Structures are given as structure tokens and as C-alpha cells.
Amino acid sequence: MEKNNGILIIVTDYARYIVNIKDYIIKGINNELYVCKNDTFKIAYELVEENGYRNGEKH
Numbered sequence: 042m043e044k045n046n047g048i049l050i051i052v053t054d055y056a057r058y059i060v061n062i063k064d065y066i067i068k069g070i071n072n073e074l075y076v077c078k079n080d081t082f083k084i085a086y087e088l089v090e091e092n093g094y095r096n097g098e099k100h
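Each number in the working numbering corresponds to the 1-based position in the sequence shown with 41 added.
Treat each hint with caution, since some may be false.
When the alpha-carbon atoms are kept at most 27 Å apart in a straight line, the in silico DSS-like pairs for lysine-lysine are as follows [as the list claims (entries may be wrong)]: (1) Lys-63 to Lys-83; (2) Lys-68 to Lys-83; (3) Lys-63 to Lys-78; (4) Lys-68 to Lys-78.
Don't read these hints as lab results, they were simulated from the structure. Note that the structure is predicted; figures quoted are calculated from it, not measured.
Hey, can you work out the whole structure from these sequences and the hints?
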């Protein structure tokens with residue numbers, strides 16, 4: 042990963058991904074990294090509440 046002027050860049054064997062604030066970084070089944078835009082993530086994935094946590098915060 043590189044950080045350049047407040048921009049995070051993930052460099053993989055296949056591509057370079059620019060990560061913006063609110064983007065999600067997803068690890069695939071072979072430990073590969075992907076960037077998913079916030080609006081796409083909200084459409085594609087369902088919120089799961091588990092053990093008193095929601096959105097990564099204790100409730």
C-alpha cells in the first residue's frame with residue numbers, strides 16, 4: 042500500500058486501486074485485495090449485526 046498526498050493506493054499483482062474515504066477494502070478468498078465504492082457496497086451487501094456490533098461499533 043502507498044499513501045500519497047492523503048490518497049491510499051493499493052498495489053496488487055493485477056492492478057493499482059485508489060482508495061477514497063468511505064470506500065471498502067475487501068479481501069478475497071485467496072487474500073487478494075479489492076476496492077469497493079461505498080454506494081456499490083451498500084447495494085451489494087447486507088448489514089449483519091452480531092454480538093452487539095453494528096457497522097463495526099459496539100451497541
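Hint check:
Distance hint between Lys-63 and Lys-83 is fulfilled; the C-alpha atoms sit about 11 Å from each other, no more than 27 Å. For the suggested pair Lys-68 and Lys-83, the alpha carbons sit about 17 Å apart, so the restraint of at most 27 Å is met. Pair hint Lys-63 plus Lys-78 holds up; C-alpha atoms about 7 Å apart against a cutoff of 27 Å. Proximity of Lys-68 to Lys-78 is assessed by CA-CA distance (about 14 Å); at most 27 Å being required, the pair is judged to hold.
Consistency with the previously given hints is maintained throughout, with no hint failing.
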